[in-house]
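*Asks:* Residues per chain, in single letters:
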Amino acid sequence: MSILVYIEHAEGKVKKTSLEAVSFAHALSGKTGEGEVVAVALGTVSADELAAVGKAGAAKVLHSSDERLNAGVIQAHATAVAQAFAAVGAKTLVLAKSSLGDAVAARLAIKLNAGLVSNVVELPSTSAGYVVKRSIYTGKAFAETTVTTENKILAVKKNAVDLKTDGTEAVVENLSVTISDSDFASKITSTERATGEVLLPEADIVVSGGRGMKGPENWGMLEDLAKTLGAATGCSKPVSDIGWRPHHEHVGQTGVKVAPSLYVAVGISGAIQHLAGVNSSKCIVVINKDPEAPFFKAADYGIVGDAFEIVPKLTDALKAEL
Amino acid sequence: MKILVCITHVPDTTSKIQFTANNTKFDTTGVQFIIGPYDDYALARAVELRDQTGGSLTVLNVGEAETEPTLRKALAIGADDAIRVNAFPKDSYFVAKQIAHYAKEGGYELILMGRESIDFNGGMVHGMVGELLGMPSFSPVMKLDLEGNTVKMAREIEGGKEYLEAQLPLIAGCQEPIAEWKIPNMRGIMSARTKPLNVVEAVTQKTQAEASSYQLPPAKGSVKLIDKDQVSELVKLLKNEAKVL
Ligand SMILES: Cc1cc2nc3c(=O)[nH]c(=O)nc-3n(C[C@H](O)[C@H](O)[C@H](O)COP(=O)(O)OP(=O)(O)OC[C@H]3O[C@@H](n4cnc5c(N)ncnc54)[C@H](O)[C@@H]3O)c2cc1C
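Protein chains in written order, with the working numbering: chain U, 1 to 322; chain D, 1 to 245.
Errors might be hidden in some of the hints.
[As the list claims (entries may be wrong)] Computed cross-link-like contacts, DSS-like style, restricted to lysine-lysine with a CA-CA straight-line distance of at most 30 Å: (1) U:K297 <-> D:K236; (2) D:K143 <-> D:K206; (3) D:K243 <-> U:K164; (4) D:K220 <-> U:K297; (5) U:K31 <-> U:K133; (6) D:K104 <-> D:K195; (7) U:K282 <-> D:K195; (8) D:K243 <-> U:K13; (9) U:K282 <-> D:K243; (10) U:K55 <-> D:K104; (11) U:K282 <-> U:K164; (12) U:K31 <-> U:K164; (13) D:K220 <-> U:K164; (14) D:K2 <-> U:K111.
Since the hints were derived computationally from the structure, they do not count as laboratory data.
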């Protein structure tokens, strides 16, 4: 028996969120005695990179290097993962919540007749039934969810467990999968991705700007701050609606939900819909000229004042300190 | 073309989230219910596509009688008819089974819904329905255009988007900026009263992952304010107190 983890990679590197999912599965197996953790990786990625997944807790990585799987074609990935699940005799599939992961997990729930829980925030409790805690109401509450099926899928939220880094190298084995052409019927014609930057949904630090930044020409100072912190940049909804920033940077109820250690909000009022996207942050810093801005109620640290004056000073102070 | 839009009936985004009955039930006291914001995007795009192709647009909700005003609102926005599957939406699997059953019966070629509901945030129903019906499913879709039987889409991925082409029939979980939310006008509201809203019985289906109890997160402590002329103080606190640097 083993626990299967579906891992994703981009630009030759396994995603950090996927490594967290491996660590989650490792801790879960320690609890349920489900045996070793086996990861499944699809498409072109180096054997060295895959062996390193062992550090996070995997004993083995099954790899299909079928090039057609390089593009995240949802149906084809679901078929491949279902075959890996059967091959290792798993009862539990763990994966990190993501754009592709969610889409693949939903199809797998039907293929594997598995109870699926998304936004899992901690290890399941198994003392009375199989009960999984997940985040609901966009981070405003939690639900204990009872899974009644033999097969289970857990889509894990960022920071649900600490990343394990002290494991040994994993054994990488070839996985051969049979995928029908109909699973490749939809075509990904092109991909646009911000390269070399820290990606917002996975970032450990986020610097976000709101309408208080006055215009896109003023984002340079936020980018400087972000660069100094090694952070991703985000924004409020109106900012992406007016086109000051790209849509994938929009944080909140209807945008990206982030869960960084540090969220720095500059010139954002803190409307409830914005807060819904940031309430899983460990620490929130708010810079706003209005002392009554609602964001201060959700913040750990705040500075009342003009962003145009404070942000460059903060960047300088950080450069001096770090 | 026959289009189906599945909508959720969820608390307004400004609602205070509270629970009753020993934390086993959502407290609806004082809560206003709306069409899920993502579903609202799906509906808005569906109205445009229906007008473009001259087909029909049905909205469906799995819910008890109290969701009917939400379905009427969808009719006012522009759907032609509505189906309410009479059951409490117990889990994603239960809901997906209901949708798949009625979608198959109705022979819909394009099924749209929000990328996720804003109550349980599962984001799984579209994929489940897709697998149940043997149709491709895509989410989160931020652009969707029809050219004959070909559907051209953009799907959001971490840090960007991917452009796709697929054939009808298919299912998409939608998000902005696929279309702009539509506000019902007076004529829409009047005509919604007489458009058909059919109540159908749920198919018998066991659940797989049902919520059994709820909790609120611990209350946040109060903010520590730092003087704007002592920015370096903030850096020290982040480093030594919050330990996030
Ligand atoms: C269904 C629904 C979903 C929504 N989803 C989202 C969502 O996902 N994400 C989201 O962000 N919003 C969302 N919204 C919108 C939300 O309600 C707010 O309108 C929005 O978050 C406000 O953005 P803002 O804070 O940038 O702008 P504003 O509310 O205009 O705030 C600007 C802030 O900047 C401050 N400021 C101005 N000048 C300066 C300066 N020089 N220095 C420092 N501070 C300054 C002001 O004091 C003010 O607090 C949604 C709304 C609805 C109805």
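*Asks:* Next, verify each hint and record whether it holds.
*Replies:* Consistency of the hints with the structure:
no. : hint              : result
1   : U:K297 <-> D:K236 : 21 Å, holds
2   : D:K143 <-> D:K206 : 35 Å, violated
3   : D:K243 <-> U:K164 : 19 Å, holds
4   : D:K220 <-> U:K297 : 8 Å, holds
5   : U:K31 <-> U:K133  : 16 Å, holds
6   : D:K104 <-> D:K195 : 22 Å, holds
7   : U:K282 <-> D:K195 : 49 Å, violated
8   : D:K243 <-> U:K13  : 28 Å, holds
9   : U:K282 <-> D:K243 : 10 Å, holds
10  : U:K55 <-> D:K104  : 46 Å, violated
11  : U:K282 <-> U:K164 : 19 Å, holds
12  : U:K31 <-> U:K164  : 16 Å, holds
13  : D:K220 <-> U:K164 : 29 Å, holds
14  : D:K2 <-> U:K111   : 27 Å, holds
In the structure shown, a violation is registered for the earlier hints numbered 2, 7, 10, in ascending order.
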